[in-house]
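Trainee: Protein chains in written order, with our numbering: chain F, 36 to 346; chain R, 36 to 346.
The set of hints was computed from the structure by calculation and includes no laboratory data.
Ideal Cβ positions, reconstructed from N, Cα and C, are used throughout, including at glycine.
Honestly, I wouldn't trust all of these hints.
[What the hints assert, rightly or not] Listing some non-contacts, in silico: residues in chain F with all C-beta distances to chain R over 10 Å:
#, residue
1, Pro112
2, Val127
3, Ala145
4, Pro160
5, Ile222
6, Ala223
7, Asn249
8, Glu294
9, Lys336
[To be verified] Across the chosen pairs, the derived CB separations fall in these ranges:
#, chain 1, residue 1, chain 2, residue 2, range
10, F, Pro338, R, Ser284, 24 to 34 Å
11, F, Arg310, R, Gly332, 25 to 35 Å
12, F, Glu300, R, Arg60, 21 to 31 Å
13, F, Glu300, R, Val41, 28 to 38 Å
14, F, Gly128, R, Gly161, 53 to 63 Å
15, F, Lys235, R, Ala286, 18 to 28 Å
Protein chains: 2
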Amino acid sequence: MIRPLVWEKGRLLILDQTLLPHRERFLVCRTPDDVARAIRELRVRGAPLIGIAAAYGIALAGDAIDRAAALLISARPTAVNLAAAVRRVAAVGPRRILVEARRIHAEDAAMCAAIGRHGAKLVPPGARILTICNTGALATGGIGTAYAIIKRARNVTVYACETRPVWQGARLTLYEFAKDRIPAYLIADGAAAATMREKKIDLVVTGADRIARNGDTANKIGTYALALAARAHRIPFYVAAPRSTFDFSIADGRRIPIEERAEAEVLTAAPRGARAYNPAFDVTPARLITAFVTDAGVFPKPPPPAAGKVR
Amino acid sequence: MIRPLVWEKGRLLILDQTLLPHRERFLVCRTPDDVARAIRELRVRGAPLIGIAAAYGIALAGDAIDRAAALLISARPTAVNLAAAVRRVAAVGPRRILVEARRIHAEDAAMCAAIGRHGAKLVPPGARILTICNTGALATGGIGTAYAIIKRARNVTVYACETRPVWQGARLTLYEFAKDRIPAYLIADGAAAATMREKKIDLVVTGADRIARNGDTANKIGTYALALAARAHRIPFYVAAPRSTFDFSIADGRRIPIEERAEAEVLTAAPRGARAYNPAFDVTPARLITAFVTDAGVFPKPPPPAAGKVR
Chain F
36 MIRPLVWEKG RLLILDQTLL PHRERFLVCR TPDDVARAIR ELRVRGAPLI GIAAAYGIAL
96 AGDAIDRAAA LLISARPTAV NLAAAVRRVA AVGPRRILVE ARRIHAEDAA MCAAIGRHGA
156 KLVPPGARIL TICNTGALAT GGIGTAYAII KRARNVTVYA CETRPVWQGA RLTLYEFAKD
216 RIPAYLIADG AAAATMREKK IDLVVTGADR IARNGDTANK IGTYALALAA RAHRIPFYVA
276 APRSTFDFSI ADGRRIPIEE RAEAEVLTAA PRGARAYNPA FDVTPARLIT AFVTDAGVFP
336 KPPPPAAGKV R
Chain R
36 MIRPLVWEKG RLLILDQTLL PHRERFLVCR TPDDVARAIR ELRVRGAPLI GIAAAYGIAL
96 AGDAIDRAAA LLISARPTAV NLAAAVRRVA AVGPRRILVE ARRIHAEDAA MCAAIGRHGA
156 KLVPPGARIL TICNTGALAT GGIGTAYAII KRARNVTVYA CETRPVWQGA RLTLYEFAKD
216 RIPAYLIADG AAAATMREKK IDLVVTGADR IARNGDTANK IGTYALALAA RAHRIPFYVA
276 APRSTFDFSI ADGRRIPIEE RAEAEVLTAA PRGARAYNPA FDVTPARLIT AFVTDAGVFP
336 KPPPPAAGKV R
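Chain F on its own, in the form it takes in the complex (with noise of 0.2 Å):
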């Protein structure tokens, strides 16, 4: 089992993604601001690993929580389960903050295991899903969000969109899929609508980075272009993700802030001087998503708030 953050010895370990699949590299964070410069760097990422990242942070701040909680708040704005995992464990009470910390990482497993076992039911045996991003144990706290449901399928060939400008789907995916011996084909962002129709995909699942009231979800560049496919080739499109990733205080996508990132990521092959528009996350309309796949089961729409959970 891949595990990308271990606190150890009143330190936070976090497995430098930037470097994965070829080097499997710990870094060594101790202060907060290490920890959201992680962040930012993408050495750590996937919606609810960086909020458990940040609950651990938190732990590393001593005296100085509200300094910390604004740092880590900010060191990325669209997933919503960032700034809700700093404040829960903000609020509980210095001497009790790497228990809650470590209560939202089991709590994110949990969510991980259930999410696999309510999605693997909509998958049919031997079924063809294409999937974006990075969903597994790299980006959660468990075996992942759309990856758990893919997991747990029973005989299923995987179309993995390379994920640019980052490459999550290329670095990342791939590399559990080896590890996890689920037979998968890489494909450019841009063949996801041919091979939805070449291939005959039976569904496509991702993640999410945050789900508006209205079930609008903001996911990595690209997803809404899946989503446009899937619905014009009838082709079922899940959102799989924990509760914390909804977000009811926002009515619908409009509102989710959608980071832009550097221009020189999408430069790679770019001769010098050229620019670049780099939105890190779209927003699909919720009219395009068949269901949302949450560890309470599966909704066509958002499902109610957990009773008496503030996250």
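Dock chain R against chain F, hints included.
Mentor: Chain R alone, transformed into the frame defined by chain F:
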């Protein structure tokens, strides 16, 4: 003006496009085999341009015209221009081959100019245009197809898909835009649908590798996804191509041979041992195409074959 092919002293000089944008180096081709290899390895690419290169390749064949024709035609299967140009020069008799190759080259330049002239009328001043792959001077014998329209329009801003896996957008189109001082932003292929929405794209224009009698159009992988997204956003979707790209012998897109290229092209960032599915082209159904911009004008359906033209 970029000159991707130069006939000089009985040899064909091919600008090696795999080295762009960083190095401008010419390959010297002395035999049809040299030219076929350059085509297979994408050192020269673009549907019209590989036709022209192959025509010059026949001029290098000496007496072995039939063998050279078979070799060159088999270099790449999807673009119809290749086989058509080879057959045309092979039919004129040994002494007139070079004259005929030069004529194809000049005709293509004239068709590009006409496409630009006709297409520019479709573009409102100040338009935001989205395109894919490379369709400019590096893809044709003149100023391009889709690119010619952009070049002839007034005051436009372009969003160019990077066009994985071979980066023709990032490496070649951005290089041409820089030379022509046309404002352009590179986007990840997955960002195209979101860009249509967020940047209020006015029109999409692409080239083509082969257009069937009913208008189904094979073009660079990713084009079909753009057409689906354009339709969802009610954005006009234009295909720009000379009449040499229309294949009236094929009823519809299902009969167009789609080249699958080496998995390694997609596996740039993937772990060792990973697999990929790498179709180089996809087929956009005619119903998603607003109009065809050809050297003979703008047509909602493929125009009839030019009178008296074999090619």
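Trainee: A separate judgement is required for each hint: does it hold in the structure or not?
Mentor: Taking the hints in turn, this is what the structure says about them:
1. Pro112: 16 Å, holds
2. Val127: 38 Å, holds
3. Ala145: 29 Å, holds
4. Pro160: 21 Å, holds
5. Ile222: 5 Å, violated
6. Ala223: With a cut-off of 10 Å, F:Ala223 comes too close to chain R, as the shortest Cβ separation is near 4 Å.
7. Asn249: 17 Å, holds
8. Glu294: Per Cβ check, F:Glu294 is outside 10 Å of chain R; nearest 13 Å; holds.
9. Lys336: 21 Å, holds
10. F:Pro338 x R:Ser284: 24 to 34 Å: Distance hint for F:Pro338, R:Ser284 is violated at roughly 55 Å.
11. F:Arg310 x R:Gly332: 25 to 35 Å: 34 Å, holds
12. F:Glu300 x R:Arg60: 21 to 31 Å: 28 Å, holds
13. F:Glu300 x R:Val41: 28 to 38 Å: Holds - the Cβ-Cβ distance for F:Glu300 and R:Val41, about 36 Å, lies within 28 to 38 Å.
14. F:Gly128 x R:Gly161: 53 to 63 Å: Given range 53 to 63 Å: holds, Cβ gap about 58 Å.
15. F:Lys235 x R:Ala286: 18 to 28 Å: With a Cβ separation near 23 Å, F:Lys235 and R:Ala286 satisfy 18 to 28 Å, so the hint holds.
Checked against the numbered hints above, the structure breaks hints 5, 6, 10 and satisfies the rest.
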